[in-house]
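Quick mapping for you: the protein sequence lines, in order, are chains A and B.
With the working numbering as the guide, the letters of the first sequence map in order to residues 1 to 444.
With the working numbering as the guide, the letters of the second sequence map in order to residues 1 to 485.
Treat the hints with caution; some may be incorrect.
Stated by the list, open to error - Here are the simulated lysine-lysine pairs, DSSO-like style, with alpha carbons at most 27 Å apart:
| no. | chain 1 | residue 1 | chain 2 | residue 2 |
| --- | --- | --- | --- | --- |
| 1 | B | Lys-91 | A | Lys-214 |
| 2 | A | Lys-311 | A | Lys-341 |
| 3 | A | Lys-301 | A | Lys-341 |
| 4 | A | Lys-249 | A | Lys-301 |
| 5 | A | Lys-311 | A | Lys-260 |
| 6 | A | Lys-70 | A | Lys-4 |
| 7 | A | Lys-260 | A | Lys-301 |
| 8 | A | Lys-4 | A | Lys-443 |
| 9 | A | Lys-214 | A | Lys-136 |
| 10 | B | Lys-92 | A | Lys-443 |
| 11 | B | Lys-7 | A | Lys-249 |
| 12 | A | Lys-290 | A | Lys-388 |
| 13 | A | Lys-260 | A | Lys-220 |
| 14 | B | Lys-279 | A | Lys-311 |
| 15 | B | Lys-422 | A | Lys-220 |
| 16 | A | Lys-341 | A | Lys-390 |
| 17 | A | Lys-301 | A | Lys-290 |
| 18 | A | Lys-132 | B | Lys-92 |
| 19 | A | Lys-311 | A | Lys-388 |
| 20 | A | Lys-136 | B | Lys-91 |
| 21 | B | Lys-371 | B | Lys-92 |
| 22 | A | Lys-70 | B | Lys-7 |
| 23 | A | Lys-132 | B | Lys-416 |
| 24 | A | Lys-290 | A | Lys-260 |
| 25 | B | Lys-235 | A | Lys-443 |
| 26 | B | Lys-235 | A | Lys-220 |
| 27 | A | Lys-311 | A | Lys-290 |
| 28 | B | Lys-416 | B | Lys-371 |
| 29 | A | Lys-220 | A | Lys-4 |
| 30 | B | Lys-92 | A | Lys-214 |
| 31 | A | Lys-4 | A | Lys-16 |
| 32 | A | Lys-70 | A | Lys-16 |
| 33 | B | Lys-413 | A | Lys-136 |
| 34 | B | Lys-7 | B | Lys-235 |
| 35 | B | Lys-132 | A | Lys-249 |
| 36 | B | Lys-132 | B | Lys-7 |
For the record, the hints were derived by calculation from the structure and aren't laboratory data.
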Amino acid sequence: MLPKERCQELFSQILKHSEADETEVLIAGGASELTRFANNTIHQNVAEEGYRLSVRTVFDGKTARATTNKFDAESLKRVVAESSSLARQQPRDPDLLPMPDRESYRAVNRYSETTAAVTPEDRARGVVSAIKIAEKNGQTAAGTFSTTRGGQALLNSRGLCAFYHETHAEFSITTMAPNSSGWAKKDSADVRDISPERLAARAAEIAARSQDPKDLEPGKYVTILEPAAVLDLVGFMFFDFSGQAVRDKRSFLTDRVGEKLFGSNIDIRDDVYHPLQSGPPFDGEGVRRKQVTLVEHGVVKSLTYARKTAKAMGTEPTGHGFPLPNEWGEAPMNIVFEGGKTSVNDMISSTDRGVLVTRVWYIREVDPYRKILTGMTRDGTFYVENGKVKHGIRNFRFNESLIDMLNCVESMGEPERASGEESAPMIVPALKLSSFNFTEVTKF
Amino acid sequence: MRDYAEKALSYLDRREVQYGDVRLLDSRERNVSTKNGLMGSVSSDETQGLGIRVLIQGCWGFASTDNLSPQSLEQTARRAMQIARASALAKKSDIVLVPEPKTEANWSSPFQIDPFSTSVEDNLDLLLRADKEMRSVEGITLAEGAVHFRRSHEIFLSTEGSVIEQTRVVTGGGIAAHCFAGDEIQKRSYPNSFGGQYQLKGYELINEIRLVENARRIAEEAVALQRADLCPQGKRTVILDGSQVGLQIHESIGHPIELDRVLGMEANYAGMSFLTLEKLRNLRYGSDIVNVVADARLEHGPGLGTFAFDDEGVAAQCTDIIRNGQFTGYLTSRETAAAIGENRSNGAMRADGWNRIPLIRMTNVSLLPGKGTLDELIASTDDGIYMETNRSWSIDDRRYHFQFGCELGWEIKNGKKVRMLKNPSYSGITTEFWNSCDAICGPEAWTLWGTPNCGKGQPSQTMGTGHGASPSRFRNVTVGIAYAS
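Kindly generate the complete structure, drawing on both the sequences and the hints.
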């Protein structure tokens, strides 16, 4: 990320060019590198470095944003002029609030020098060690190993200055046996938390265990979802925990806030300060993020609110707004789904007949108010019988309501930071469900 | 701009680099949206940067930067070479590229009205008029509208001597009306869902799609859906509107024919493909009337997959994908064409920005038209369900099993639409579905639809693809299972 002093210098230059009532500058970017492998070899290997500067101007209740990645004096002048021109051409918004004043933020430490120092050779060596494990198991591996350092700065003409920087490392692997596959993934701010060998071994074990998958009739089954599967399913509901979404009547929580919508064992909060979380402690306007209880004992307790939404709904902002102007308002971004103490092995042991799901894929919303989702299982789906994993099964399509699903949670594992493909990483447990609706089966 | 690209290319060590290319991209966007009678957002974005791709020791490396100073360009070139050498630590075999003739060209996509010459005031005025029409219908709880413009100027230089400049202008726009009542949210979108219609055109596209004139109709349909019967469950004859056929092509033909997926290169994320190599020219993909091409040439139409050269400098081509129902071709790159013994890439490598490598992406993957109008097709159907405008889409990671939901359905009896149906959905297995196709409407009903949001790759890339399609009929299709409780 650019140094604070450079960000402040850029902001000063922007202010010199701006004739707006108020001016905000958002600078974001960094350097990202990703090593990608398939067929037990590195086939793509990329690096990027870039920064974007975005200017929001306000003229008498009118606001607009213009963004550039060109930082020369002429481009900075032009981006201010562009933002001003876009703003001036609009009708006045009587509900537009003044920009927020300066405030202080609770510190979060999500930067690792070790991660920042990772080289292409380091990543290649990690990939080689994972490939060796796949080859030892007679399997073919594909995946990624990435490292990123970046951040953002948000400054406005009322004196607000917010800075954040972080690192991120992620390793993901799919291993393929002749007629089955396995998968594992982990991400962290600190690359030392990630073991390519351990993840490769886990994926290889799933692929081996699910070989020669058999057909199982579609239907409703007791189902055990590994944390990554839970993440990618429940991740689809959190954009609905938005005051603006409820105002727009596009949220499944419309007319339901305060209701007991889920089982009594469901507790969910948004907490950017949780040690396993990532992301800045401020929102898109620079408002300090608060911890918010979203669901308590199954009752929908609260939504998140940007400043404008909060004013319209007679409540306090929670620090979850997106950069203005936008149509969406806000959303919780740091979900912590409380869990229990039951391990996945214990869930299996207590199951007479059921299905174990490693991960899910291509999830889409079928019904926005009943919150029915469809999708497929992938890379390790198993039949469980008499307390044991019996064999792999062909992948299912499911059509299941999240509301129904969170009313039939029988037991939960310890929450962990899970990383999937459909939703941003969250802190979630494994879940055992008394019923999950598998509607059709595919050919593998 | 060309100077920067030449400078970057000059920093590659030709003694070590077997092949290298530089892509410099400068693009500009505008997004304007409205919601419930107010401005939703107004923003513009410009980005400029350069990516360098090199082949060293038979392995790829790529590095990119938005800092175009000589020092940064030299560092980026060195980084790309360092990364390629690191790739060689896990090498199994050398990457080989099929030959491609050296080219010098300069091409711009045609348009009538430069969208950036229109004022934001006028953009908002149009959207707010459509918004007012939608909200004049009692029961509408949310009205949305948006227009989007993009101009990209790209310079491609390779160590083989190609120098290609391309400028593309893309325009998109659409509206949507939502109706929340009781325990249901219904929505109608026009001219398509998830942003509307997108083409390689100027502002004339926005004039052609007539948002204001269609606003009231879709709002009335959204409200009417609240009172409609639920789509039944079972095996039925299904007629899909052109936009839904376009998405069906995208998911169940366009993705499986990507040769990188077939060869396992996307196995960890987007997945693989059921179209394994032995199926080429040996698989009955669809019925005799199913003819599909991948055509990036301008003569195919102003699609999101239309260009003069792909991002490896390969000229736009038309490839037969399915001819008379028989599977005949993949989408390829210079690397994957070599891997299966082809002598030339068919030009499907595309990158979504200066900071991304090109991947095999759909161009315009289109179902060629048959005969007749939609009205004639409905009139010739005794018993079936017509479905319009996508609402949900999902398919497995090898592209066998899919399920789609649509916004609006109509029951057809004895050649007439007799009953509106809500929450229509259908599902099936790709080849069984395309083999059940027994009617495709003609050129008068054929539209080149734009899919602006196709995701693929790690790091992720979003690409616009084109899909020419007309309303089509399919027999014995599973319907309604999405709502089976």
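- prompt: Honestly, which of those hints from before does the structure not fit?
  reply: 1, 2, 8, 10, 11, 12, 14, 19, 21, 23, 29, 30, 33, 34 and 36
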